[in-house]
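2 protein chains.
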Amino acid sequence: MRKLSPDTPYLAIDKKLLAKNIERMAKQTTKAGINLRPHVKTHKIPELAKLQLASGAVGITVATIGEAELFSKKGLRDIFIAYPLFVTASKLKRLSKLARRVKLTLAIDSVEGAKALAEGLSGIDVLVEIDSGHHRSGCNPERAGEVALEAKSLGLDPIGVFTFPGHSYKPKGARQAVLDEQKALKEAATAMSKVGIEAKVISSGSTPSATISAESGIKSSKTKSIVNELRPGVYVFNDAQQLELGTCTSREIALWAVATVVSVNGNRMILDSGSKTLGADKAGWATGYGRLLDFPDARIEALSEHHATAVFPKTKTATVGAGRSAGSLPKIGDLIRVAPNHVCNAVNLVDRVYLIEDRKLVGSWKVAARGLNS
Amino acid sequence: MRKLSPDTPYLAIDKKLLAKNIERMAKQTTKAGINLRPHVKTHKIPELAKLQLASGAVGITVATIGEAELFSKKGLRDIFIAYPLFVTASKLKRLSKLARRVKLTLAIDSVEGAKALAEGLSGIDVLVEIDSGHHRSGCNPERAGEVALEAKSLGLDPIGVFTFPGHSYKPKGARQAVLDEQKALKEAATAMSKVGIEAKVISSGSTPSATISAESGIKSSKTKSIVNELRPGVYVFNDAQQLELGTCTSREIALWAVATVVSVNGNRMILDSGSKTLGADKAGWATGYGRLLDFPDARIEALSEHHATAVFPKTKTATVGAGRSAGSLPKIGDLIRVAPNHVCNAVNLVDRVYLIEDRKLVGSWKVAARGLNS
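Residue numbers (the working numbering), protein chains in the order written: chain S, 1 to 374; chain X, 375 to 748.
In short, the hints are calculated from the structure, not lab data. For every residue, glycine included, the Cβ atom is placed at its ideal position computed from N, Cα and C. Among the hints, erroneous ones may be present.
DEER-style ranges, computed between Cβ atoms [claimed, not checked]:
(1) S/T287 x X/K394: 35 to 45 Å
(2) X/T564 x S/E252: 44 to 54 Å
(3) S/D157 x X/K394: 16 to 26 Å
Below 25 Å or equal to it, Euclidean Cα-Cα: the simulated DMTMM-like pairs (lysine to aspartate or glutamate) are [as the list claims (entries may be wrong)]:
(4) S/K93 x X/E516
(5) S/K331 x X/E675
(6) S/K170 x X/E675
(7) X/K705 x S/E150
(8) X/K688 x S/D351
(9) S/K224 x S/D294
(10) S/K331 x X/D381
(11) S/K97 x X/D554
(12) S/K93 x X/D725
(13) X/K705 x S/D334
(14) X/K447 x S/D351
(15) S/K172 x X/E675
(16) S/K74 x X/E520
(17) X/K447 x S/D157
(18) X/K546 x S/E301
(19) S/K103 x X/D554
(20) X/K471 x S/D7
(21) S/K194 x S/E146
(22) S/K74 x X/E516
(23) X/K705 x S/E142
(24) S/K91 x X/D554
(25) S/K73 x X/E516
(26) S/K331 x X/D554
(27) X/K489 x S/D334
(28) X/K467 x S/E142
(29) X/K544 x S/E301
(30) S/K366 x X/E493
(31) X/K465 x S/D7
(32) X/K574 x X/D554
(33) X/K465 x S/E150
(34) S/K115 x X/D554
(35) S/K93 x X/E675
(36) S/K331 x X/D668
(37) S/K91 x X/D725
(38) X/K705 x S/E301
(39) X/K448 x S/D351
(40) X/K740 x S/E69
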């Protein structure tokens, strides 16, 4: 492995853990009779999107026109841009071209957004984005009918509603987020129905809430979920945030940075994986800037661009230089596995991710859609 | 401009403001008789490094071997890798190649680090990194003599000491950080002197502390700074962090993201510049995730990958759709200038930055060293 290893820091994906994560979500959604349309902004890798499709996903979700263009070029044929684009002439031209190549679905959350789209596109499928409690984009659910009707009158084809229950991203927040998501989507579908438009697609999904959403579709007919499509992204890899939210165990984290210990001062160690490798994300509730997978009690207390300051429990003393005994702390030069807090931002920082299987490096994937923000 | 403009979100550099920032720091250091060796990890752009050299910089500072390789290929000839590398055989090979092409200076903060370097390099200039209060990498100042002596005995050439006074990055922290930096560097130089090694280079520098460091070199001979080299990076652009620290005014910020307002709900507006454009950095003392340069009272209260949630003062009402009067708030589709919190991480997210002059797009630069983390 040493010969093949890239210089640290680099990102590694464990192929078996990845396959398990893909399979688990596919089974959950299939069992619940819900379509899975994974958000590929997490990985930006066409080869990985194809694995998701092979396990039953109906299509992919992307965040930007650039991502849609890239995945389309690589053979993906059913793409939802889950973002309330406000298009210029340039973006309209790109969307028109895309719409000729793939089954494209767009998003609107305002009459203004719909008008801008309608200046260059007609008959295109659109979903109305609603706010289910995350308070980001999305109109209020009761306005979904009005927005859909206006879109229809402009020549667009409103086929449903979607939301991102992003307030699932807090400790014990997922269950309430699912309740909010169900209520808001029902309200929006009803508002559309009142103006004579059927919400055929009712789409939601975040990794913390996806399993609960799916379960609510199967537990009993009384609590039958209104959602018929889920769009989680992070689940393919998981990350330190999902670990701390309780969405996954550390053995379900399929991607990590491989970092070198470059400096030691007592129980404080500096790793060469900083914010330019891991991303600078840190939610208010996070215990640090990522997690050391083999040292559950250590915390990354600070992060610079090329330094992670990892602090180990004070009861142990770092062994510097000399060989270390079993159970002792890392020493200078050791390789350490670091799970980033937010894997989507970490992957977007590298051109290539390395694939391992049974601890051996077996290949790499290009992060083909890296940096395609517009 | 419309015709030439890239699709949002993108990063723009104002060339005149950039030139002023470069000139200001060059003058300050020249006046103080201190060498300027700017940290180019901030911009990763060879053309920009050459502007810094043209205004008097003695060489450049980088953080990684990859950055050194790239800038070397582009003609930069005096490079300090300000990072306590722990080298493998692969990294040693890359460094040996580099050392044949450029005047290369390396960093050590431990005997172990020096030993690893000495396995493949001899006679190379090294600076001992010391901790002056930021508590990241760097040995304790009193250990500088021991580390330098060991390095010398191994065949390396210790020529001085350096520190990063990163604790300047808090409100009113800069002055104390400079006092700490001066004290620690004096202690380290003395420790080296005691073992018969002269610290010819005494290097420090962060953007918040650089001006104070330079001033302490000129105010009177009594407070004569011990520092003879400064390595600030961010000063070329400045950013929202420097603005909130009081290091710069908003008119001295030379780089911003150009974002589109895509969604409006009352006084909450969603811009398409998220953490994949701005970076997710947010210090504990920051008032938000970046600043809107034309709306000083607005704050970015949340940041997703492609959404900035900007909240405007409640006393005003957003004008949606219709034309807006002077002094009113942005509306859907408007372009907004957003200063990132930490410009180094923002630039590292894009392949290209766009250059403007007198509000017109006049060209672009490739971020040639983007992503070179190892």
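### Query
Between S/K224 and S/D294, does the CA-CA distance stay at or below 25 Å?
40 Å, violated
### Query
Is it true that the CA of S/K74 sits at most 25 Å from the CA of X/E516?
58 Å, violated
### Query
Within 25 Å, alpha carbon to alpha carbon, are X/K705 and S/E301?
40 Å, violated
### Query
Are the Cα atoms of S/K194 and S/E146 separated by 25 Å or less?
10 Å, holds
### Query
Within a Cα-Cα threshold of 25 Å, do S/K331 and X/D381 meet the stated pairing?
Outside the cut-off at roughly 47 Å; violated.
### Query
Is the straight-line distance between the alpha-carbon of S/K331 and that of X/D668 25 Å or less?
Violated, at about 49 Å.
### Message
Tell me if the straight-line CA distance from S/K115 to X/D554 falls inside 25 Å.
### Response
59 Å, violated
### Task
Take the C-alpha atoms of X/K546 and S/E301, compute the straight-line distance between them, and say whether it is at most 25 Å.
22 Å, holds
### Query
Has the given pair, X/K740 with S/E69, been kept, meaning a C-alpha gap of at most 25 Å?
22 Å, holds
### Query
Between S/K74 and X/E520, is the straight-line Cα distance small enough, at 25 Å or below?
57 Å, violated
### Task
Could you check the hint for me, namely that S/D157 and X/K394 are 16 to 26 Å apart, CB to CB?
With a Cβ separation near 52 Å, S/D157 and X/K394 fall outside 16 to 26 Å, so the hint is violated.
### Query
Is it true that the C-beta distance of X/T564 to S/E252 lies inside 44 to 54 Å, as the hint says?
Given range 44 to 54 Å: holds, Cβ gap about 53 Å.
Hints 3, 4, 5, 8, 9, 10, 11, 13, 16, 17, 19, 22, 24, 25, 26, 28, 30, 33, 34, 35, 36 and 38 from the earlier list are contradicted by this structure; the remaining hints agree with it.
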